[in-house]
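Asks: Read top to bottom, the protein sequences are chains A and B.
As numbered in the working numbering, the first sequence has no gaps in its residue numbers, which increase by one up to the final residue, 259.
As numbered in the working numbering, the second sequence has no gaps in its residue numbers, which increase by one up to the final residue, 375.
In case anyone wonders, no lab produced these hints; they're calculated from the structure.
Glycine is no exception: its CB is placed at the ideal position from the N, C-alpha and C atoms.
It is possible that part of the hints are untrue.
[To be verified] These stretches of chain A come out as covered by chain B in the derived footprint (C-beta under 8 Å, 3 or more residues): (1) 89 to 100; (2) 112 to 118; (3) 133 to 140.
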Amino acid sequence: MLSSTNTSARLPPSLGDFTLNASFNASLSAGHDAAAHRPVAAVKGIRKYYELGGEKRWILRGVDFHVQPGECVILSGPSGSGKSTLLSILGCLLTPDGGELIIDGRAVEKLPPAQQALIRRDLIGFIFQRFQLIRGLSAEENVALPLALQGLPAAEAKRRAGELLARVGLGDHRRAIPTRMSPGQCQRVALARAVITNPKLILADEPTAALDSHAGAEAMNLLRALVKDSGAAAVVVTHDPRILEYADRQCHIENGLLQ
Amino acid sequence: MLWQVAIRTLLADRGKLLAGLLGVAFSVLLVNLQGGLFLGLIGKASLLVHQGNADIWVGHREMHNVDFPHDIPRRWLPRIRAAQGVLAAEPITIGFSEIALPTGGFEGVTVFGVEPHSEIAPPWEIIEGHADALDHPHAVVVDQYDQEKLIHPAIGELREIGGVRARIMGKTRGMHGFLVTPYVFTTTDRAAQYTGKPSAHCSYFLVRVAPGADVEETCAAIRQRLPEAEVMPSEEYASVSINYWMTRTGLGISFGAAALLGLLVGLVMVGQTLYAMVLDRLTEFATLKAIGATEREILIVLLGQAAGIASIGIAVGLTAVMLLIAFYDSPQAPLEIPLSMMVVSSSGIFLMCTFASMLPYMRVRRVDAHSVLQS
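Use the sequences and the hints to build the structure in full.
Replies: If you want it as structure tokens, here you go:
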């Protein structure tokens, strides 16, 4: 299980302009050597169907997929190809109908929902197309929420959230509620929320779909920097060809099979 | 932090919050109003017993309501006074009659006759007229809240009760019984005339026990001397009188049902409000699930919201109850709302509200984070 106490240490000191610090990188690489060869997440022969009109419609037909630490994989494919379903299975939000799901070396597909919730809490960060921030909470509270769920006192969680928001260029928007921020700012808050617990796996579903090209590029630069510097793995589902350049590896999925 | 999530999300949707608060406040108001009216009403059923200084009431066999006595002989008085533990005993007469109205009509009255300068019979506060009003010939005292029924009798005005002359010499305040007929207070002798009862009879004997004497033992001593009489401590007779109305009129059931309805209104309103809020915020609950909130933590959020609505709603409701007592309470419709009733009703409604959070919780449990977050 991840410790949340070293969150700020693993994040780059100047994420606002997405530049890296050499000593910071060196300390990161030393810490991750041991697990470097083990995939953060892997699926083997994953199958999933939905019932439509009483008939089974197979969305995933035996997919093998893995993602290494520090790697950014972009999953693309047409609508209905199964990419979002695969992402949800990787995020323990959806139970597969066959195959194996391994997160951080542990088979998790048959774990009870409560334990899967703990896996999500400690190992996975989510970024959603529509940000999915809690409307009543400020940016700082939204970012602090995963830490609070991990049991960190609210004051400390907010302090760390404030630091991280400053690093993503939202130091002046800590108290702002989501409805008072631009889509680009909301996505940066969502990114900060996804990484605040120092997850091993970041799952992003169409992270640029609700953003203009400038904000989209900013969000992807930020995501890429976070992945590169923290050693987390990222899986990004997208339709957007403009962001393919940010990928270490691209996977195309069609008719429930990886091409 | 989860409490902050609960309260902040609650405050973020003020329209629904207001609906929930109104529901709870209305529930508190309804429960306390029904309970207060009920207690006030049953208090009126035992008014004559509770207002007096008597420790013991002696009456006819199986007496069951203070307002409906059967005549008993006055000659029992020496036997009662001779009983061990009795300090003083006096007869009183209660009976029904009619008072003539200036309009030519008649109004039924309950005549209540006491011994002159009685220290045992129900004391009343003369707010208009002379303090020793009953010392005057033909004197009667009426209550100011019956002014309209009696067509505004003036002090000194002559009327007839049961065809016998009666002069209004004083007015009391708050002597308003369970029956719709106004009380008319006078002496036992005049009461016998007004009601047509034989002067050798009365309705009850009121007994004061001597200092240090035990009420139950004194009752037993009177029963021994008067086996043909019913002898009850005042509290017991008050309960018997209240029970009469409760069991013979279905009063308890109707008020209880209304109070229960108030509780149900609170339950439904809070449940509906939380449910509507949850439906509006399914994506947020799905997000909470996605970022690792457990079922227990989501339940805490919903319980926090229910507790928040309940606490504020109860505070608003109790304020309204206080205002109602201040402006509405009167002898005709007394509102007796003791602190214990407020505490018990508020606690009950609070529990109902937390129970109401189960409805949205069941909905959140069924939220499929995958499909909600994809939409």
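Asks: Between the region 133 to 140 of chain A and chain B, are there enough contacts, at least three residues with CB-CB distance under 8 Å, for the coverage claim to hold?
Replies: holds (count 5)
Asks: Between the region 112 to 118 of chain A and chain B, see if three or more residues pass the 8 Å beta-carbon test, and mark the coverage as holds or violated.
Replies: Coverage by chain B holds here, the residue count being 4 at a Cβ distance below 8 Å.
Asks: Given that the region 89 to 100 of chain A was listed as covered by chain B, double-check it with a C-beta distance under 8 Å for 3 or more residues.
Replies: holds (count 3)
This entry satisfies every hint, going by the numbered hints stated previously.
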